[in-house]
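Once you've looked at the hints, dock chains B and C against the given chain A.
So the protein lines, in turn, are chains A, B and C. Numbering-wise, the numbering used here puts 35 at position 35 of the first sequence, and it's gapless, one number per residue. Numbering-wise, the numbering used here puts 170 at position 170 of the second sequence, and it's gapless, one number per residue. Numbering-wise, the numbering used here puts 284 at position 284 of the third sequence, and it's gapless, one number per residue.
Chain C side only, calculated, beta carbon under 8 Å to chain A, not exhaustive:
1. 625
2. 626
3. 627
4. 630
5. 631
6. 634
Each pair of labels, with its calculated beta carbon distance range:
7. C:600 x A:87: 47 to 57 Å
8. B:106 x C:593: 54 to 64 Å
9. B:66 x C:633: 30 to 40 Å
10. B:119 x C:75: 51 to 61 Å
11. A:93 x B:6: 42 to 52 Å
12. B:66 x A:87: 28 to 38 Å
13. C:633 x B:96: 17 to 27 Å
14. A:93 x C:594: 53 to 63 Å
15. B:155 x C:600: 54 to 64 Å
16. B:157 x C:633: 24 to 34 Å
17. B:10 x C:640: 38 to 48 Å
18. C:591 x B:114: 57 to 67 Å
19. B:102 x C:640: 16 to 26 Å
Derived DMTMM-like pairs: lysine to aspartate or glutamate, alpha-carbon spacing no greater than 25 Å straight-line:
20. C:376 x C:308
21. C:416 x C:283
22. B:97 x A:95
23. C:413 x C:283
24. B:33 x A:74
25. B:33 x A:95
26. C:561 x C:308
27. C:174 x C:581
28. C:166 x C:116
29. C:166 x C:365
30. B:92 x A:95
31. C:494 x C:65
Hint data in this document are derived by calculation from the structure and do not stem from the laboratory. Glycine is no exception: its CB is placed at the ideal position from the N, C-alpha and C atoms.
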Amino acid sequence: MNSLSVYLVLGAVLFSLGLFGVILRRNLIGMLISIELMLNGANLNFMAFNRFLAPEPAVGQIVTLFVMGIAAAEAAIGLSIILALFRRLHSINVEQARRLEG
Amino acid sequence: MNSFLTSGLIHAAFWVVVGLTFGGAVLAVFPRKIVYNVLGLIVCLSGVAGLFLYLGSFFLALMQLLIYVGAICVAIVFAIMLSPPLHLEVPKRRMGKVVLSAGASGVFFVAIAAVIWKTVWHPAAERGADWSIVTIGHLLLTRYDLVFELISLVLLVAIIGAILTTGFSRRLSS
Amino acid sequence: MMWLAKDPVLLAASACATLPFVSMVVILIFTRRYRSMSAAISISAIAACLLSALYLLWTLRHAPEPVQYQWAWIVSNDMIIPFGFLLDRLSLLMLTIVAVIAFLVQVYSLGYMAGDPGFSRYYAFQSLFAWAMMTMVIAPGMLQLYIFWELVGLASYLLIGFYYEKWSASQAGKKAFVMTRLGDIGFFLGIIAVLLGFGDLGILSMNEAAQAHRIAPSVVTLSALLIFCGVVGKSAQFPLLTWLPDAMEGPTPVSALLHSATMVAAGVYMMSRIFPFFAASPDAMAVTLFIGTVTMLLASTMAMVAYDIKQVWAYSTISQLGFMVMALGAGGYFAGVFHLTTHAGFKALLFLCSGIFIHEYHTNDMREIGRGGGRKLIIPMVCMTVGALALSGIFPLSGFFSKEAIMGVLAAKPNKVWLVAGLLGALMTAYYSFRLIFMILFPRQPAHHDAAHQGTGHDDHGHEAGHHGATFWAMAWPVMILAGITLVLGFFHKDLEHFLLGAGPAVHEAEFHGEGAGHGLGHYVLLFSAVSLALGGIVWAWLEFGRKGAAQEGFLRRYPKVEALFANRWYIDHAYRWLLDHLVYGGFTNLFTRNDRRVIDGAIDGICRFTVGGGRVVSFLQSGMVQYNLVLMVAGVGAVILFFVL
Numbered sequence: 001m002n003s004l005s006v007y008l009v010l011g012a013v014l015f016s017l018g019l020f021g022v023i024l025r026r027n028l029i030g031m032l033i034s035i036e037l038m039l040n041g042a043n044l045n046f047m048a049f050n051r052f053l054a055p056e057p058a059v060g061q062i063v064t065l066f067v068m069g070i071a072a073a074e075a076a077i078g079l080s081i082i083l084a085l086f087r088r089l090h091s092i093n094v095e096q097a098r099r100l101e102g
Numbered sequence: 001m002n003s004f005l006t007s008g009l010i011h012a013a014f015w016v017v018v019g020l021t022f023g024g025a026v027l028a029v030f031p032r033k034i035v036y037n038v039l040g041l042i043v044c045l046s047g048v049a050g051l052f053l054y055l056g057s058f059f060l061a062l063m064q065l066l067i068y069v070g071a072i073c074v075a076i077v078f079a080i081m082l083s084p085p086l087h088l089e090v091p092k093r094r095m096g097k098v099v100l101s102a103g104a105s106g107v108f109f110v111a112i113a114a115v116i117w118k119t120v121w122h123p124a125a126e127r128g129a130d131w132s133i134v135t136i137g138h139l140l141l142t143r144y145d146l147v148f149e150l151i152s153l154v155l156l157v158a159i160i161g162a163i164l165t166t167g168f169s170r171r172l173s174s
Numbered sequence: 001m002m003w004l005a006k007d008p009v010l011l012a013a014s015a016c017a018t019l020p021f022v023s024m025v026v027i028l029i030f031t032r033r034y035r036s037m038s039a040a041i042s043i044s045a046i047a048a049c050l051l052s053a054l055y056l057l058w059t060l061r062h063a064p065e066p067v068q069y070q071w072a073w074i075v076s077n078d079m080i081i082p083f084g085f086l087l088d089r090l091s092l093l094m095l096t097i098v099a100v101i102a103f104l105v106q107v108y109s110l111g112y113m114a115g116d117p118g119f120s121r122y123y124a125f126q127s128l129f130a131w132a133m134m135t136m137v138i139a140p141g142m143l144q145l146y147i148f149w150e151l152v153g154l155a156s157y158l159l160i161g162f163y164y165e166k167w168s169a170s171q172a173g174k175k176a177f178v179m180t181r182l183g184d185i186g187f188f189l190g191i192i193a194v195l196l197g198f199g200d201l202g203i204l205s206m207n208e209a210a211q212a213h214r215i216a217p218s219v220v221t222l223s224a225l226l227i228f229c230g231v232v233g234k235s236a237q238f239p240l241l242t243w244l245p246d247a248m249e250g251p252t253p254v255s256a257l258l259h260s261a262t263m264v265a266a267g268v269y270m271m272s273r274i275f276p277f278f279a280a281s282p283d284a285m286a287v288t289l290f291i292g293t294v295t296m297l298l299a300s301t302m303a304m305v306a307y308d309i310k311q312v313w314a315y316s317t318i319s320q321l322g323f324m325v326m327a328l329g330a331g332g333y334f335a336g337v338f339h340l341t342t343h344a345g346f347k348a349l350l351f352l353c354s355g356i357f358i359h360e361y362h363t364n365d366m367r368e369i370g371r372g373g374g375r376k377l378i379i380p381m382v383c384m385t386v387g388a389l390a391l392s393g394i395f396p397l398s399g400f401f402s403k404e405a406i407m408g409v410l411a412a413k414p415n416k417v418w419l420v421a422g423l424l425g426a427l428m429t430a431y432y433s434f435r436l437i438f439m440i441l442f443p444r445q446p447a448h449h450d451a452a453h454q455g456t457g458h459d460d461h462g463h464e465a466g467h468h469g470a471t472f473w474a475m476a477w478p479v480m481i482l483a484g485i486t487l488v489l490g491f492f493h494k495d496l497e498h499f500l501l502g503a504g505p506a507v508h509e510a511e512f513h514g515e516g517a518g519h520g521l522g523h524y525v526l527l528f529s530a531v532s533l534a535l536g537g538i539v540w541a542w543l544e545f546g547r548k549g550a551a552q553e554g555f556l557r558r559y560p561k562v563e564a565l566f567a568n569r570w571y572i573d574h575a576y577r578w579l580l581d582h583l584v585y586g587g588f589t590n591l592f593t594r595n596d597r598r599v600i601d602g603a604i605d606g607i608c609r610f611t612v613g614g615g616r617v618v619s620f621l622q623s624g625m626v627q628y629n630l631v632l633m634v635a636g637v638g639a640v641i642l643f644f645v646l
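In isolation and in its complexed conformation, chain A is listed as follows (with noise of 0.2 Å):
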């Protein structure tokens, strides 16, 4: 159990189910969730580096705190940005957001 390769393989679960939430999802809020996943399978990746391979432990954790604060800042913009356009298109659907289109 206690092997890189277990963790490796989960975070890269945990990043690819993110990754086809995101795609997936039509729900704005849904595709958040999506991102957090990805962002945790991220954050396990280097917990794992840190644990099995490096040099210094703490510089692992430090790393991960770190995109723990970067993910709470996304999700504070992302939510505030899901709100202005709920208000704007009374829907939160990103397939009805499609003002870019070429």
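Chains B and C in isolation, oriented as in the chain A frame:
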């Protein structure tokens, strides 16, 4: 015997945690009802916190619970409360899109798996054993203080930006 | 500025190379409205140049070595392109000629151009012309020479097309510019050939190297021939000779300047400038000799049937330039340069005299001038006769000496064809010059209104002379000075020869000594035959045009076909037209048009269509749906990773 039992328990618990994480992730992605997704996310994040425990960092595990489960998920729940009513019928998924996203993420997963598989991982020659929070705090305020400050700034800007975005759009739409 | 004061030679040379330019700029920018001030500025600038040129000639007359102020303008590896002044005997002589003629012409123009609305502009262009020519003359390197050579072309374009509101004038300006350009392409290619084959564009080093056979003979021949193209264009040699007769559309003083010391002289000057270079290639010399001969004969025949007074002199200029090129081509460096010198004097004289007639009678037709009473203008009539005598090569006048020198060179050639051609040319020259003189002097069918108009016309003239006394004298003085020069210049024959050849390139010296020793009796026979041929030409002209009861119809009138051939300039212009129509318009232009329409336009249209269509296709990607973009991105990144891992 005892140690075997405990190690077995720990082992089993690990797979349980992995199962939780995986199941939570599936739950966070697949159902079309957003509330299930949030619940799935919470479960998944808690599982990841457990994995952090297994990875040797009690501190990070607690932080995970605090920040993700405690803060982000709550924020998401707030957002759900402010968004369209939940009882509305959610439109069906289009098969094409499912296949497309499955294909794209599948390719990505295969790519990452291939990297994991192909790479030969070498641990660092000298590996420290200092897992204490004191060191983390010390490093945050010495070696990584610039990054630390930047993250703080980003958070500040994000908060102000969030307030502005929602506030302005309210004024614009009304 | 201290270095200028310390070196008066350099100061004088710089004055020649800058003052007229300054004057042009000042006139164009500040004094366009103040006519007399413009003229004063321009004339004082050219007078300063004249003084500088004379000073330079005087101080450097015994200088054993050419004085050279030279800065390497571009040095790149083996290439050296110098800039500066080269003051050797040839350039000093030419500088003086240019300054003298330009000065006299500008003074003359005070009278001729009086009252013209473009008076200031005229003087600005005159300054430009003088500046370009003088700086060209003292150029130490081929590139500087080329630059100012083109400026000379530009100035003559501006001056030929001076009456730009007149269609024919602007056309003539364009024709002159384009035809000389045609030759200049060759010239430029020649310079490039020298640059590639030798690497140094300095005139002295080119000459030395060519003489010492340090340049490959093929390079010398090729570049000499290409450079000769420039001479052909500039000095109106065959086949680019038709621009010069048209160039009389400009004001007459401009023609005088153009035909004597500047524009067309530039070609011959340039050729004598790098004469040792040419001399190093016998093939190029042969081509030169041939072209000169053909030009000389063609132009003489054209002059025999022209009735336009300026046109006759224009054709004679071409034929005299042909003589010079023949002389140079036959190896007679001094003969060519000497003829250039004397020709500058008497041709300016002839044009300026014609200018007085044209100014008085407002016509270019010699018959009209004769009927109008041209003989009554004593001063220009006498001066013109002096010029015509010089042109024909009659004894005490300058043309005699220079023509004899040329005949001597031609006689030294083993093939006597050239000599015969030269003598024939001399005969025709005398014939057409005196045809003109006699036509003006002895007008036939005294104008029908003559009886009625005689008194009034005379009065009118007297009145005008009284009224424009100053203008008339402004024109008469330069003419008389030139006539004086023409009278005496010939006697400085030997001095000039010593001056030019004293430090001149060694080649000709040997040639000349050989010639001088080899002649004896032959020389006198030649002298006698040339002069008698010229006299014969005059007598012939007298029989047909001068004597009482003569029909004043050339013998050519009896051969209308030949006359038409001559009058139409041997159909050279028609040939150009035909070439233009069929080869250029029908061939190249057509081809290029098709290429443009089909290939280039088609290609561009195709690219446009492809771009637009591609844009349409690609714009499907920009559905505005973030998720589809994401799909592509992710799939792409995944594929890249897989590509590198697997």
